[in-house]
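Participant: Construct all of the structure, not just a fragment, from the sequences and the given hints.
Chains as they are written, first to last, in the numbering used here: chain A, 1 to 278; chain B, 1001 to 1255.
Errors might be hidden in some of the hints.
Unchecked claim - Below are the DSS-like pairs computed for lysine-lysine, each with C-alpha atoms no more than 30 Å apart in a straight line:
1) A:191 - B:1143
2) B:1144 - A:176
3) B:1086 - A:181
4) A:191 - A:176
5) B:1067 - A:176
6) A:44 - A:132
7) A:176 - B:1102
8) A:191 - B:1144
9) B:1102 - B:1121
10) A:232 - A:44
11) B:1079 - A:181
12) A:181 - B:1144
13) B:1060 - A:176
14) A:176 - B:1103
15) A:47 - A:232
16) A:176 - B:1143
17) A:191 - B:1067
18) A:181 - B:1102
19) B:1121 - A:176
20) B:1060 - A:181
21) B:1103 - A:181
22) A:181 - B:1121
23) B:1223 - B:1241
24) B:1143 - A:181
25) A:191 - B:1102
26) A:38 - A:181
Keep in mind that the hints were calculated from the coordinates and are not lab data.
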Amino acid sequence: MKRVNRKNIILYVGIVLTAILVAVAILAPYIMPYDPTKMEISQKFIKPCAAHILGTDHLGRDILSRIILGSRISLMTSVTAIFISAFIGTMLGIISGYLGGAVDTIIMRIVDVMLAFPAIVFALALSTFLGKGQTNLLIAICCVQWTRYARVARGETIMFRDSEYIQAARAIGNSKTQIIKNYVFPAVISKIVILISLDIGTIILYCASLSFLGLGAQPPSPDWGVMISEGKEYMQYAPWVAIAPGIAIAFSALAFNMLGDGLRDLLDPRMKETVRTE
Amino acid sequence: MLLEINNLCKDYSTGFLGNRKIHAVDDVSLCINEGEMFGLIGESGCGKSTLTKMILGLIKPTDGSIKYNGEEISNLGEKQWLPLRKEIQAVFQHPQMTFNPKKNLYYSCAEPLRLFDMCDKSSEEYLVREMTECVGISFDQLKKFPHEISGGQAQRISIARALSLNPRLLICDEPTSMLDVSVQAQILRLLMQANKEQNVAMLFISHDLEVVHAVCTRVAVMKEGKIIETGTVDEVFENPKEEYTKKLLNARIEI
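Facilitator: Encoded structure:
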C-alpha cells in the first residue's frame, strides 16, 4: 500500500506542477510585470529586488517577464515536436510491423541509423544544411525523435498482428487499411500516449540545449535556452541572468517527468519498476 | 463441388538455420459439396486450424491447391480475397476474441454490413436487431463490450455476424469447444438451422466426436497433418477402417 501511495503522490505533484506551467504559459501576457523585450540600458544588471523579482539582464530587460513569456515558446516547441514525431513514428511503426518483410527491414534500418547518432550532434549537423530558426529546430528534433515511437509502435503491432481477433477481422472482410485503422491503431495508441508523456521533459531539455547552442529561437525572443546562452557571459558578476531560466527549464522538465512517470504507473502496470522491499 | 482441396501442404521450418521441416498439413485432399455439413476430426495439434487458416487465405500454403467453385483461391492476394470473404465466412474457437476489443458489440455486428455496403445508415440498426434476435440475443446486449458477455452469447453473436453475409461456406473451427454443454446444444441447433434454411455448406472442425456425429453427413479423420480416413458419418463411426480412428472412437466410449 505504501508503494502505491508514493506513486500516486508523484502523479499528483506532476499534475499540479504541469498545471502551473500550462497556466503560466496561457496567461503569460496578463501576468508578466514588464514588457519582456523592452530594453532600458540604464536599468541593466539590477539584482533581484522588489521591482524586478528576478533582476534584469545586460540590456535591462526584466528576467521574470522573459521567463514567463518564454514558457510559451518552450511548451509550444516541445509539444509540437513531440506530436509530429509521435504521429510520424506511430504511422511508420505500425506500417512496418504490420506489413513486415522488405518494408519492415527498410524502415527499421533507417531507425537504427537514426538511433546511432547522438541527437544534439545530429541536430547541429542538420542546422548547417537548413540554417537556424525555430522551424528547423522542430525538424531536427522530429528527425531523431520519431524513431522511438516507430520502435514501440512496431513492437506492439507485431504482438497484435497474429492475434486471433485480427485474423477474425481479416476473415470478416476488413482490408489492410481498415485493420490498421480500426484494430491496430487503437491497440497501439495507449502505449504511445504514455511514451509521449514520458518524453515531454526530455524534449524540453533538448529544445533548451539546442537553442542554447544557437540553433533554435534567435535573440531577442525570450527563449530559455537563448537566455542562458546570453547570461553565461556575465556569470561572474550577474549569475541570476543565467540561473533563473536554468531553474525554469529544470522545473518544467521535472514537472513533465513526474507526470509521465505517474501516468505510466497508473495506466500500464506492466511497465512498473520492479517491486522494492521497503 | 463447392470447395475442392488437392494435395495441400504447409511446412514450417524450425531448428538451427531452419533446416528442419515440420509438416503441419501434409498432402491433404478433401471436397465439400454445396450445402453439405462436412466434419473434420482429429486430436489437438494435428493441423486442423492450419488447414482452416489456409482455406480462409490467412496463411499461404506451401504446396497444393484450394479451389472454390472451380477457381483457384490459394494464390490470391489480399485485395482479390475481399469479394470472396462474403462467400466464405468463419466461426472461431474463442468467441470473445473474435471481436474488436475496443469497440462495442453493435460495432462488430454492423461491421460486415458496413464493409460490404449491404445497407444504408437507416436500415443498419434494423438489420442488426433482426440478426441478433435470430440467435436469441436482445438488442440491449450489443451496447456491451466483448469481454462483458458470456462465451455462449459471444459465439451466438459471432455466428449471427458470419451468417449476415449470406455465405456459401462456413468454416467452423471448434465452435463449441470453449462452451459448456447446455450452450453447445444451442449453438449446434443454430448452425444446423442455418444449414437447412440458407443452404450453407460447413466445414465443421471439432475434436468432440459426438458433436460431429450429430451434425455432419460426411467426416474426415486427421492425424499428424494427414487425412487418414474419409467417409460418411455412419461408415466412419460404425465401421472404422484405420487403427487410429478406432482408438479415437474407443476413447469416446471409455469416457
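Participant: Each of the hints needs a verdict: does it hold here or not?
Facilitator: So, going through the hints one by one against the coordinates:
| no. | hint | in the structure |
| --- | --- | --- |
| 1 | A:191 - B:1143 | holds, 26 Å |
| 2 | B:1144 - A:176 | holds, 26 Å |
| 3 | B:1086 - A:181 | holds, 21 Å |
| 4 | A:191 - A:176 | holds, 22 Å |
| 5 | B:1067 - A:176 | holds, 24 Å |
| 6 | A:44 - A:132 | holds, 28 Å |
| 7 | A:176 - B:1102 | holds, 18 Å |
| 8 | A:191 - B:1144 | holds, 24 Å |
| 9 | B:1102 - B:1121 | holds, 22 Å |
| 10 | A:232 - A:44 | holds, 15 Å |
| 11 | B:1079 - A:181 | holds, 17 Å |
| 12 | A:181 - B:1144 | holds, 21 Å |
| 13 | B:1060 - A:176 | holds, 16 Å |
| 14 | A:176 - B:1103 | holds, 18 Å |
| 15 | A:47 - A:232 | holds, 16 Å |
| 16 | A:176 - B:1143 | holds, 26 Å |
| 17 | A:191 - B:1067 | violated, 42 Å |
| 18 | A:181 - B:1102 | holds, 12 Å |
| 19 | B:1121 - A:176 | holds, 23 Å |
| 20 | B:1060 - A:181 | holds, 24 Å |
| 21 | B:1103 - A:181 | holds, 13 Å |
| 22 | A:181 - B:1121 | holds, 21 Å |
| 23 | B:1223 - B:1241 | holds, 14 Å |
| 24 | B:1143 - A:181 | holds, 21 Å |
| 25 | A:191 - B:1102 | holds, 14 Å |
| 26 | A:38 - A:181 | violated, 51 Å |
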